[in-house]
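Protein chains in written order, with the numbering used here: chain A, 596 to 1241; chain B, 43 to 696.
To be clear, the hints were calculated from the coordinates, so they are not data collected in a lab. Even for Gly, the Cβ is constructed at its ideal location relative to N, Cα and C. Please note that a few of the clues may not be correct.
[Stated by the list, open to error] Simulated pairs of lysine-lysine, DSSO-like, Cα-Cα distance not exceeding 30 Å: (1) Lys456(B) to Lys1090(A); (2) Lys207(B) to Lys886(A); (3) Lys569(B) to Lys828(A); (4) Lys823(A) to Lys203(B); (5) Lys475(B) to Lys1090(A); (6) Lys864(A) to Lys475(B); (7) Lys669(B) to Lys1135(A); (8) Lys747(A) to Lys569(B); (9) Lys344(B) to Lys828(A); (10) Lys868(A) to Lys533(B); (11) Lys1135(A) to Lys344(B); (12) Lys868(A) to Lys203(B); (13) Lys633(A) to Lys344(B); (14) Lys556(B) to Lys533(B); (15) Lys1173(A) to Lys657(B); (16) Lys556(B) to Lys1173(A); (17) Lys990(A) to Lys344(B); (18) Lys669(B) to Lys1173(A); (19) Lys1135(A) to Lys79(B); (20) Lys864(A) to Lys344(B); (21) Lys681(B) to Lys669(B); (22) Lys1013(A) to Lys628(B).
[To be verified] A partial selection of chain A residues facing chain B, derived with a Cβ cut-off under 7 Å: (23) Lys633; (24) Ala637; (25) Ser639; (26) Gln848; (27) Arg869; (28) Gln871; (29) Gly873; (30) Ser883; (31) Leu909; (32) Leu1045; (33) Phe1085; (34) Met1087; (35) Phe1117; (36) Ser1137; (37) Phe1230.
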Amino acid sequence: MNRLANQDSLAGNDSKFSFALIFQLLRRCWPFYKPQLKHLIAFSAFAFFMALVVLVPTLIGTDLIENKVLLGEPLEPLQSDLLFLDETYTAQVENETNTLSREQRVVVRDRLIFWGFFYVLLLIISVSVAWYYSIWIFQRINQDLRVHLLAKLERLSLRYHAMSQTGDSVYRVYQDTAAITRVLENLITTPLRIIFFLGFSTAILGAFSPSLVFLILFAAVPITILLKVYTPKIRVAARLSRELNSLLTSNIQETLSVIRVVKANGAEKEMMKRFQYGSTAALEAAYSLRKYMSILTIGVSTISVATVILAEYLIVGWALEGKATFLGAAIAVVGFAVWNLGAFKAAVARGEEAADSTRQLAEVWSTAQDTLIGLSRSFELLDSDVEVEDAKSPKPFPQSLDGVAFRNLVFSYSETKKVLSGINFSASPGSITAVVGGTGSGKSTLMSLLLRLYDPEEGSIEINGINIRDLSVTDLRNNIAIALQQNELFAMTVKENIVYGQSRISDIDIVEACRIACAHEFISALPRGYDTELGERGGKLSTGQKQRISIARAVVRSTPILILDEPTASLDAETERKVIENLARWGKERIVFIITHRLSTIRSADQIILIHEGNISESGTHDELMNNQGPYRDFVDAELGLRAKN
Amino acid sequence: MVHAQRYDDRVDLDVELSFYQTLALLGRSVFLLSQVKLLFFWKLIFSSVAILPPLAVPWLLKIVVDQVILQAPIEGTVARWPPFMIPLIRYVEGLSPIDVMASVTAVYLLMLIFFGMRAAGQIADLPRGYDAATQSEQALSYGESSTGGLWGLIEVLLSIKLTQKLANGLRTELMGRLTRLNMTTLDEQRIGDSVYRVMYDAPMLPEICFKLAISPVMILIGAVLSVLMIGYSYGEVLPEIVWIASALLPVTLVMTLPLSALARRLNQISRAAGATTTNAMEQSIDNIAAVQALNVAQSESKAFEEKSAESFRRHRFAAVIDLAVYAISYTSIFIGVGFAFYIMTERVVEGTVSPGDYAVLLALFFTLGFAARDLGLYWIQLQKNVSAIRRVFFFIDFTSEADRGGDSLRSLNKDIVLESVNFSYSEDVPVLKDINLKFGLNEVVAIVGPTGAGKSTLAYVLPGYIRPNTGTIKFDNQDVSNVPVNQIREKVTYVFQEHMLFSESIRSNLLLAKPDATEEDLLSACKMAGATDFLEDLPQGLDTNVGKSGDTLSVGQKQRLSIARGILRDTPVLILDEPTAALDPKTENMLVSGLRQFARNRLVIVIAHRLSTIKEADRIIFLDDGKVLDIGDHDTLMKNEQGQYRRFVELQTN
């Protein structure tokens, strides 16, 4: 777990809050929102309309129920129109004290129930539709970001992947991208809606009495202080929580992908200890994040409700005095000219709404911090340097091959140690080049450079004299097939593994490739032949079998250049001989590179490149080099055990 | 089976859940609460106390409306004050309206600070995404309280702890079981699926406990208290109201329950689709070298895109059920409340009930209505959790290596004997045929043979990675078929052909084998494995981080570290599967002589093709097509002109 300490991003600058950052993130999100723009607008318009639909009838309904039905006050003209009632229900100007009769109150109530029924029905249906619609929209946005992120991961160079963990990538693609669906909600729509409600409630309260507005402003001071104190804490906790969770995902993924080693070393207990450690750390981070959020929300909500309670006390005082409301006449439509029961309830309801809005604002504010962190983790990945980039206007891969040349190549993984330096050699069609050398001498790296899995620091690789950097990566890799040393197979069928990524390959070609790789025989003997599933990482096959499937996978692509990285290490001598013979026949017009230790394979090569500590120490044919009495000779002697057994 | 082919489940295929299975799973989940007794106890105390303050709030409102604003006498209506209100009533009786208001305000403020009354309850939850995985992530640390204020804060923190402890206990157990699955099962089981189960399925447990053992109980107590209170205060004047109130809950439940079977099904599918997406991503990124070298990045992205879209779609379908439950329960709530409204207003107009009473009743009715909605919703949401938790319990119950045993291993000093061992992975293809062998604890044995001869399989039998279909294995003449595998593996170390390292430092990779090894042990193991030379070149030596699956090292280097790890374990038996395949001859020679030295009083088994390695063995076992064809040392076997081994050697040396 000491890796944790090295992680550069760990809660670094997150404690500083800046609107610039938010703006920047929003701008980054825009391309993902844009395709859904018309849906987003439609949804927002609908939601806004719904908010109005809820607000206005509630306001009118409160007055009608409280003051008219319950207390028998006469209706305002507009109200009676809405309920299709005649003028006997409205206040007579000359006689202000008239009240509704019992029968009239019952009629008003019945019409309210009638309208209320439709109102609720409409509400339920439209809320359901809106809900489903919003899920649909936001899933599409999330999907888009996920796919972009994964596509980016697939393109990032192996250098990036060697230093990062699979679980972290999984976590970023899965959990961190989900934040994008909440950006609109947490940073724009919800705050806007809440601020709108807050403003609306405050305006109405102001119409009732300006003193109430002052009370609200007074409450804003401690709330601001709380926000200032807790926001940075929440941000730091959110970043930590996400990072620890992605570490845990890596932990699980890695343990399971090397489960054989765990078992072989009886290390299950040790692995569980690590798991528990990671799990507990992740949970503790999640806990403190939620703790800060709860303190903030409860604090804000307590302050704002206390304000409402105090306001209530003031209002009751005014109601007892029968004081006129501030804009009495102007808000007479809804009928609150004087402080009375209805006005009290309406004002308190607005106050409670304002308090609730404030609480929601605090809640959204704190979750927005987490959203921002999640999103910035997604974009960190999206922004990382692909390293191996296509040329601006790539040249096409040459039709017929003249040769591959390596010129003054220099390469290193890290600054401290050169892996390859001063590599110069060339290979021509119809030849087999054996790349030989001690373990760790840089043989596999050399071949990775040809595929542009990395780019060299100095020097170039040229095909027909064209620098491979001037070709498109896709084009280049489509023309080079490789059988990797660590036979990376997928949990699919044999056939799917062989045609992997290629579309039009006939069954005849597959069988032919398998014959060349000496794999046809054992595949046919599998329970379901070519349709047998290989299990996780091809776990059901022996290493030699996997190796041959890898070779078949390279051969079937029928490319002008073929690279075999230790293709025969796990094959017995007879199979090996057959495979190499087949390959030599098949590779007549092609350029074949073989990395190997096997003497029998090396002998059959047209050219041998011996690499020692990143430099070419010798090159030539087997016979030439044997006569040299140089390092190659030593290598061969050691292989034959001529020196070891004295 | 349609399901299994569509998604990535290979081991767990039966995904239908009957009603009784659901009940059993629920019962089992709730039983897990016994692991967190203390926290559960406190959570119960806090939630039950939290039921009480809300009951008083409507009555305070009644005082404000009737006694303060309308200035009616306290005994002015037919309603009976509930007993807990009596002290306050006594206190305010006779005060001026504004003084009554002052008292009520004081009570309000106290209740706000301590219980957050009139503010909403507190939920500690982050926004959830739009698929099952992101939602589970949040469910893992969920906490809530129906109250706010100080009480609410404590309760929320308490419930987060409870949630986390429950979920962590379960996911740890699941992870433990997954690592102990049989090797053959592990080959089938997809890694992404396992990640999904541990990270996203297990966290669904606490909700089951909350939604079964805490929330409904509290809601029911609250509802019963509300109904009783309505009956006590208004039973004589408004008997119908009491009936409606008591009917609200059962009627809503009956209307939503039929949806539960569908909910279960849709959620199972949603999770399987999610796990498939995880697989697509995990496999593709973990094998990135192959993906890039074969130039299939685009088609991989495309495959992921389809799987991810499918998982979103499935989640959306499951969400429709939630929607339906909301719609149905709101409808029934509004019908109930509307009916009550009708009766109450009737009485207010008659003058038998005051506007304050109306306020009290309406508040109580909404509380009851929401209780009914939540109960209905809980049951439906429980189906979601059950779907997840089934996926967890499936592997907790699945046969694992840890289940074997009873006997304990007596000793391993002399020899290991295999008697008529037969084995096959699938029924019709035998891999080992009638193997009879004896290995002594002071020899180096090479297992040799063509690819696919069954060499690795034979070696797998010794540490119990696989169990023979028939035949016995004896350690010092003791049949070990009933000995726990961890006891066997304490004696046998296996170094695999694929060299798997963790993305940690070299040191911690080595320490995995023997956590208490000294620096000296580490260095001498590395020396024996011929790893010292390149370790010296590394800038940070043993503390160098090896990168993902050891990607920053060459294959040969990884191989030697794997061997060093095996040597470090210091067990009586060491099995090396192709230890020298990726090594250059010089390194190979160093390693082989290191192994010879290590083999004193130990059994070292080497599976190899390389002649230089094989020659060094005391005994060579030549295997072909699952049968032992030749046994002996190199020179003896070479003398046999018809021997398979000799043919094999000649091919290599021409």
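Which numbered hints turn out to be false for this structure? When the structure is compared with the hints, numbers 1, 3, 6, 8, 9, 16, 19, 20, 23, 24, 25, 27, 29, 30, 31, 32, 34 turn out to be violated.
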